[in-house]
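Enquirer: In case you want the letters, here they are:
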Amino acid sequence: MNEKPKKLINKKGLRLDGRKPDELRPVKLKVGILPNADGSAYIEHGKNKILAGAFGPREMHPKHLQRADRMVLRCRYHMAPFSVPERKSPAPSRRENELSKVIRDALLPSLFVENYPRTGVDLYIEVLQADGGTRCASITAASLALADAGLPMRDLIVACAAGKVDNKIALDLMDTEDKIGAADVPVAYMPNLNAVTLLQMDGKLSPKEFDEAIKMAIEGCKKIYDIQKEALKTKYKIIEQEEVEE
Amino acid sequence: MNEKPKKLINKKGLRLDGRKPDELRPVKLKVGILPNADGSAYIEHGKNKILAGAFGPREMHPKHLQRADRMVLRCRYHMAPFSVPERKSPAPSRRENELSKVIRDALLPSLFVENYPRTGVDLYIEVLQADGGTRCASITAASLALADAGLPMRDLIVACAAGKVDNKIALDLMDTEDKIGAADVPVAYMPNLNAVTLLQMDGKLSPKEFDEAIKMAIEGCKKIYDIQKEALKTKYKIIEQEEVEE
Amino acid sequence: MNEKPKKLINKKGLRLDGRKPDELRPVKLKVGILPNADGSAYIEHGKNKILAGAFGPREMHPKHLQRADRMVLRCRYHMAPFSVPERKSPAPSRRENELSKVIRDALLPSLFVENYPRTGVDLYIEVLQADGGTRCASITAASLALADAGLPMRDLIVACAAGKVDNKIALDLMDTEDKIGAADVPVAYMPNLNAVTLLQMDGKLSPKEFDEAIKMAIEGCKKIYDIQKEALKTKYKIIEQEEVEE
Amino acid sequence: MSSLLTRVKLKQIEKAIEEEKRIDQRTLSDYRIFTIEQGVIQKAEGSAKIFLGKTEVLVGIKVEKGTPYPDTPNNGVMTVNAELVPLASSKFEPGPPGEQAIELARIVDRGIRESEAIDTEKLCIVPGKQVFIVFVDIYVLNHDGNLIDASAMAAVSALMNTKMPNYEIVDDEIVIKQGYSPLPLKDHPVTVTIGKINDKLIVDPGLEEEEVMDSRISIAFTDDGRICAMQKGGSGYFTTKQVSEAMKLAQSTAETQRKKLKW
Amino acid sequence: MSSLLTRVKLKQIEKAIEEEKRIDQRTLSDYRIFTIEQGVIQKAEGSAKIFLGKTEVLVGIKVEKGTPYPDTPNNGVMTVNAELVPLASSKFEPGPPGEQAIELARIVDRGIRESEAIDTEKLCIVPGKQVFIVFVDIYVLNHDGNLIDASAMAAVSALMNTKMPNYEIVDDEIVIKQGYSPLPLKDHPVTVTIGKINDKLIVDPGLEEEEVMDSRISIAFTDDGRICAMQKGGSGYFTTKQVSEAMKLAQSTAETQRKKLKW
Amino acid sequence: MSSLLTRVKLKQIEKAIEEEKRIDQRTLSDYRIFTIEQGVIQKAEGSAKIFLGKTEVLVGIKVEKGTPYPDTPNNGVMTVNAELVPLASSKFEPGPPGEQAIELARIVDRGIRESEAIDTEKLCIVPGKQVFIVFVDIYVLNHDGNLIDASAMAAVSALMNTKMPNYEIVDDEIVIKQGYSPLPLKDHPVTVTIGKINDKLIVDPGLEEEEVMDSRISIAFTDDGRICAMQKGGSGYFTTKQVSEAMKLAQSTAETQRKKLKW
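Chains as they are written, first to last, in the working numbering: chain Y, 1 to 246; chain B, 1 to 246; chain W, 1 to 246; chain F, 1 to 263; chain U, 1 to 263; chain A, 1 to 263.
Hints are computed from structural coordinates only; laboratory data are not their basis. Fair warning: there could be bad hints in the mix.
Pairs of lysine-lysine residues, derived as PhoX-like cross-links and limited to a Cα-Cα distance of at most 20 Å, are as follows [claimed, not checked]:
#, chain 1, residue 1, chain 2, residue 2
1, Y, K208, F, K248
2, A, K9, A, K54
3, W, K208, A, K9
4, F, K43, B, K88
5, Y, K30, A, K54
6, U, K65, W, K88
7, W, K208, A, K241
8, F, K91, Y, K101
9, F, K54, B, K235
10, W, K88, U, K163
11, B, K208, U, K248
12, Y, K63, W, K63
13, B, K88, F, K65
14, A, K241, W, K222
Next comes chain Y alone, as it looks inside the complex (with noise of 0.2 Å):
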């Protein structure tokens, strides 16, 4: 845990990569990259490079995973070998289990999947690179995939962190930070219903310090969905240019 006490925040109140105490990582979005893929999209935040791909909706197989009511969402959060500092082994580990099943908790409130009986819709993220606060990009890239893979949505979900780093609540932690910093809250959102669709915490902070927190993460989240429906948008104009085009 407190490996290399390093200083995180300056004396100019700068982080380790110079960003202030409440602001982004820069974040960059791609809709619709994966050609085989009903839906798909591409999330570049800080480090952290994500791909996002959704098959369906489409009969669910095996049968007895349907559901005659509802759409069944599968998720599976993988990391890739090479996406960290010391070669993961490809299986699956405990942590990415987790993490499959807390961001199809975090997508599920945007769909409406009482509309889609006895379908499946598989959603595989790949992180190819890893730099702190996955789950948070992870989600942010399959809001899209999902949506681009045509699927009705009440919102989309977007996803931000905020933690806390030399005793200061801050925005967006990247890697060493996660580690060497004191707690780690990961929030994903939909703005237009103010609702908030996973929270996790890791560390200690005080009721108070954890409300700072969580306001920040939903700031940060404001400010990715902006970029989220610029994606959105540039993929879907690009088509229509297409079909002009034709």
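Given the coordinates of chain Y, work out where chains B, W, F, U and A should sit on it, guided by the hints.
Expert: Structure of chains B, W, F, U and A alone, referenced to chain Y:
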């Protein structure tokens, strides 16, 4: 095997825990203690603490395991990681797999499997603490769990072992005696039919010693049988009372 | 790789086991030796000892693997734990998985799969002793097993390798030659159609050397083909005799 | 329970909650009665069994020697595993832990780890070479709802019940001495789960309530009232206002629970 | 064999047994003819192949260096594994050993282990550090009934055929020398299986008899006639009288078998 | 694509090939345009991403310390793994690598290993004790045919992009120094796959062509034009004449490709 060559029987003819050679450890049985199982029982046999729960008869899944002419009994004997001195991995060992099979074979002769075609009963046995003789105690409890699930039976199955310690045949070996002792003969038995339904042995015994051991084990079975029947009655007494109270 | 840099060909031009460069190891074949399989064969090729057994054509299970327009061939190449100098774990290795696939691909061209829709054939190959060239010997035996199961065929498939040892192209490398030698080219072949159905290579060869190797391998195949046909006839002779005797 | 019966039952639950009542007569913020028994497994270094309503969870602790992680050479190791034993519910199946069991283990793990409940520095035997490993095995014996809180309470109780062997270091080798010492603990996290049904928050959901529940949030609190772990679950959401309410509800419940637990 | 044919065949077996006959002309206490060939796998340290009727089992032995178990630092290790190779029967499937294969391996293991057939102390190289591990791999090549006895006989034959490398200890390191010595054996257990069909006991059941068999009992005997392992199998039972009868039948059969085996 | 559409498409492909044309306007011996980007994963020691048509493959290289194989104590180790990531095709499923992924990894492995592309002697740290292990992880991100060539090119590109840490040996212990050196390479194998459709040979088959393809042959060539690996696949065959033709076609294609790759 002969790691600690202690005396297992002292000058007074008593064993490490003060028992006489043909004396059982204390046995406690409770029936119907698991609210969600269709039938259940709990046994404390010496320091062994074992739970058995039965689900069924119910439609057998997956379907290809159904038998048109009979009920199928599936049985899982499993040890809790903390049940033994060195933590046991929760993945089933070869020993647990073998015991699951011999326990199933020991219980089947009591059941009218042909009366429940296409159905299945799942029997789960969890050893919470082990002290020698877990397979016998498991069978004793499991038979009660099946009875508690309402399955008609030829007789209850009761089990007990006898073995050889310090060159003497002795009843119901505990862990240390089993490890240091010269032989162990677990026996499962239906008293009403004088039928042996499980019989195993390891160690070395002359045919004469074996005869003595199996007889002693059966005497032990008969004593535990009384406790078994009592436990079953107690459960039904309580239920009758509850019905009256309602 | 170059652990023991011995000479593999001596001054007289002979190899470690006294063979000439273009000489096969002794090959023995028996057909129909497994009573429970629908077709079977046993090969001793040098010190390789390999059994092949085929079951089918029969209804394919599980059903989702059925193909409406053809028979499905499943193939498992497996080595006995005691078949090699260091005990091999019985769980299939990546090498065994790959060989199962290339052997299946080598055998399929001989079969009229479209004549047996919805059926499956299971082919099991067990290497009891390995001494270099097991994939070729396996194919030679497996093709006989399929023939013995009564499957009509375009031709028998026969296999043999050629390689490079001490800078010379040589036929049918045994284990030591394979390990120390410079290259190995296993070939499976249907003589009647002049068709190559398996072709692999490792090591380094110039295109000219490769040409020489594949030609030599095919000559080897043709010789083994005669033994194959003889083995098949012998089996049917014996059966005819048995029928006469009855 | 047949499908029709289930639906009738679920309607009843929803209706009751609507009227700020619950089918087992609790108020929305009532916790079920629980009892904890420590030391039930004598062969384990520590153990505790909890009954929370009809939910029954047994936790056993084994303490064994092992090697530390390379990045924390001076710290002992804790590992948490959860088994949803199939006799606890017809919905549990034998086999390696599934998603639900893994999530359960990881929530309990985080509560203990992030509160720094175990003084892992005191579990170091020879730095970088040998440390004590504390295995926390959660064994769910009957499922009647709120496995998270029940498992978390049983786990901390079991740790409080855990003894480890006394030892000396002689020439860099560990020599076991007579007697035992308690496992060194620095904190005692209390975890409280709040469920949401039709926009109402309820404390300590029972099994049938879980079936109609939108979502849940579980929050762990340290001795000094700080939050040390949190997990939202379920396919629904919480508005930010509901998050605040849930937080307050969890906080006050944790204080009450801590008193009952006498931690 | 079709289902109808099967039923007809099974009726025939039962009828024959009723009249104290068997469908292959054996008496109830006849053992099938068997042949054993040793040394069939030259690359293994030991091997033997048995034909018992049409049942065919190959056992290969590998001897490798490894570490002893902590509680038996001065003893070599034996491990038995059985593979029901899928080409031996349409009922065997590829994949990790199932219940039947595990039971088979463990019965054979117990016969060898409990008779102390292998002198494991002589397999110790450096106490607590290095010992020889004897891998006994049972490979069932054709299933025509009574795999237990066939595998047990083949396993002991293979052990009797096993050679291990000569070696010296130089500075706590093992140095392999020229030549081989036989594996040190102290006993040669013989295992006999008795089946029960309609209250009649039969020796060495064949495959079709196994299909109508209530239950079986397998008993292993040491050189000096003591019992060293036993296993009841099958979904039926033995009365105590039948247990005694089976014991006597197994005992006399084991003596006859031992003579044929020349052990 | 529906089953009917598929069949129509496949007929079109066959018809085109018959007329020595291809549905994407290529000649039979044309390779698709490809682009390679190196260093896309900064956290890996090496990486490269290739687009070959719409086929997209990412290869990441990790270099870690480990122990050598006993029979090659002076050589570093290379291991190749391939994942057919399920988002790359609706036909790929999550789970451990299947037959297709294993074959892919092993073909790429052989090309690199048999050409002796990596100078494994230079990866030895302490002979017999510590060496560098090079993990080559193939990650297929979109499947549009000819995964073999795409993966092989990306793998070699990634190796050419790989840096390893500088180090010194002090008292038999490795001490990492500042800076990095390139991974020592001695060769740069180029792999070319030829497909066969209705007795015509085609270069670099696309996904739809693979669906009608009889069989394929993949050949790897070293810097000096020697063959270093080969693999026939598919359920059809090649006549000996076709093998020679395929060889020549692969050879000339490899030369062209090598120029484009600037290796």
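Enquirer: Now tell me if each hint is right for this structure.
Expert: Quick rundown of the hints versus the structure:
Distance check on the hinted pair: Y/K208 and F/K248 sit about 11 Å apart at the alpha-carbon level, within 20 Å; holds. The suggested pairing of A/K9 with A/K54 holds, with an alpha-carbon distance near 18 Å, which does not exceed 20 Å. Restraint check for W/K208 and A/K9: the C-alpha separation of about 40 Å exceeds 20 Å, so the hint is violated. Annotation: proposed proximity of F/K43 to B/K88 holds, straight-line Cα distance about 12 Å (limit 20 Å).
Between the alpha carbons of Y/K30 and A/K54 the distance comes to roughly 17 Å, so the proposed pair stays at or under 20 Å and holds. Annotation: proposed proximity of U/K65 to W/K88 holds, straight-line Cα distance about 14 Å (limit 20 Å). The hinted pair formed by W/K208 and A/K241 meets the criterion: a straight-line CA distance of about 15 Å does not exceed 20 Å. A C-alpha spacing of about 18 Å is found between F/K91 and Y/K101, which places the hinted pair at or below 20 Å, so the restraint holds.
Of the pairs offered as hints, the one joining F/K54 and B/K235 holds, with about 18 Å between alpha carbons and a cut-off of 20 Å not exceeded. A distance of roughly 19 Å separates the Cα atoms of W/K88 and U/K163; the hinted pair therefore holds under the 20 Å criterion. Between B/K208 and U/K248 the CA atoms are separated by roughly 11 Å; this keeps the pair inside 20 Å, and the hint holds. For a cut-off of 20 Å, the pair hint linking Y/K63 to W/K63 stands: about 13 Å separates their Cα positions.
A hinted pair counts as satisfied when its Cα atoms are at most 20 Å apart, and B/K88 with F/K65 qualifies at roughly 14 Å. Under the criterion of a C-alpha separation no larger than 20 Å, the hint pairing A/K241 with W/K222 is consistent with the structure, at around 17 Å.
Violated hints amount to a single one, hint 3; each of the other numbered hints is respected by the structure.
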